[in-house]
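Chemist: In our numbering, the protein residues as written are 13 to 275.
Read the hints as simulated data drawn from the structure, not as lab findings.
Among the hints, a few may not be true.
To be verified - Label-pair ranges, simulated between beta-carbon atoms:
id, residue 1, residue 2, range
1, N267, G202, 19 to 29 Å
2, S82, Q236, 31 to 41 Å
3, D219, S82, 41 to 51 Å
4, R266, E245, 24 to 34 Å
5, P35, N267, 42 to 52 Å
6, S214, N234, 28 to 38 Å
7, R266, G202, 26 to 36 Å
8, G112, R209, 34 to 44 Å
9, V205, G85, 41 to 51 Å
10, R266, V29, 44 to 54 Å
11, Y254, P35, 43 to 53 Å
12, K222, M13, 50 to 60 Å
Owing to the predicted nature of the structure, the values given are computational and were not obtained by experimental measurement.
All residues carry an ideal CB built from backbone N, CA and C; glycine is no exception.
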Amino acid sequence: MAIHETAILSPQAAIGVDVAIGPYCVVGPGVRIGARCVLGAHVVIETGTTLGADCRVSSNAVLGGPPQDSKYGGEETFLRIGDRNIIREGVTIHRATGEGNVTLVGSDNMIMAFAHVGHNTVVGNRVVLPSYVGLCGHVVVEDRVVFGGFVGVHQFVRVGKMAMVGGMSRVVQDVPPFMLVQGEPVQPHGLNVVGLRRGGVSVEARDQLKIAYRLLYRSGLNRQQALARVAAEVPPSEELTYLLEFLEQTELGRNGRQLDRPR
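When you get a sec, could you build the whole thing from the sequences and use the hints?
Modeler: Spelled out as structure tokens, the structure:
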């Protein structure tokens, strides 16, 4: 391990092999840092945080800070981050609200400078969060989602896998999987063909999703009519089934957010 002499490490922290910790870092009790991680200068990792192997954390990032939630009363909660993540300067990722709850970040993500991941949020794998993206609490971002810069995501929003959200968008409703969305509030403007191709989705499945997109968003039909047409006319595939189930779940939530169930 290469630990700078000015770093402050709790004796209750668990540090993996070949970890590098830069000047003036602070690592709190109960923190676990995986093998071969690199922490730049002035990184703060607070209690209850687990950082997987081979992560790179740049200067002034704060991981596992207490949630910005008026309901939080000091209960024990956690932040768990997977492997091979790149976390750039000034990023903040907060642990959860609610006894024993967890904020989760998967593996192979790029979280750029000054992005924020709020409490009780779940971020999947291979997600790109550019600078100044803000994810409120209780958000779910599924695998291979790409955001543009300066995007704000409302609490309880779910962003479906392989979606792409244009920069400076205001996301207050669920984002359907596989779609290109942008605006205030966001609206689908096409299929994320490049993302689907990179994600290994077959040509046949991509063609079926294109037909579904036209029926759902360009036919002039209402949601229920469009869903019925897609189910009747488009050959089934794993991706299409997932899209339809996602949209049906969104209908059950409040204000277009399936995680925000009626109270």
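Chemist: Hint numbers the structure violates, sorted upward?
Modeler: none
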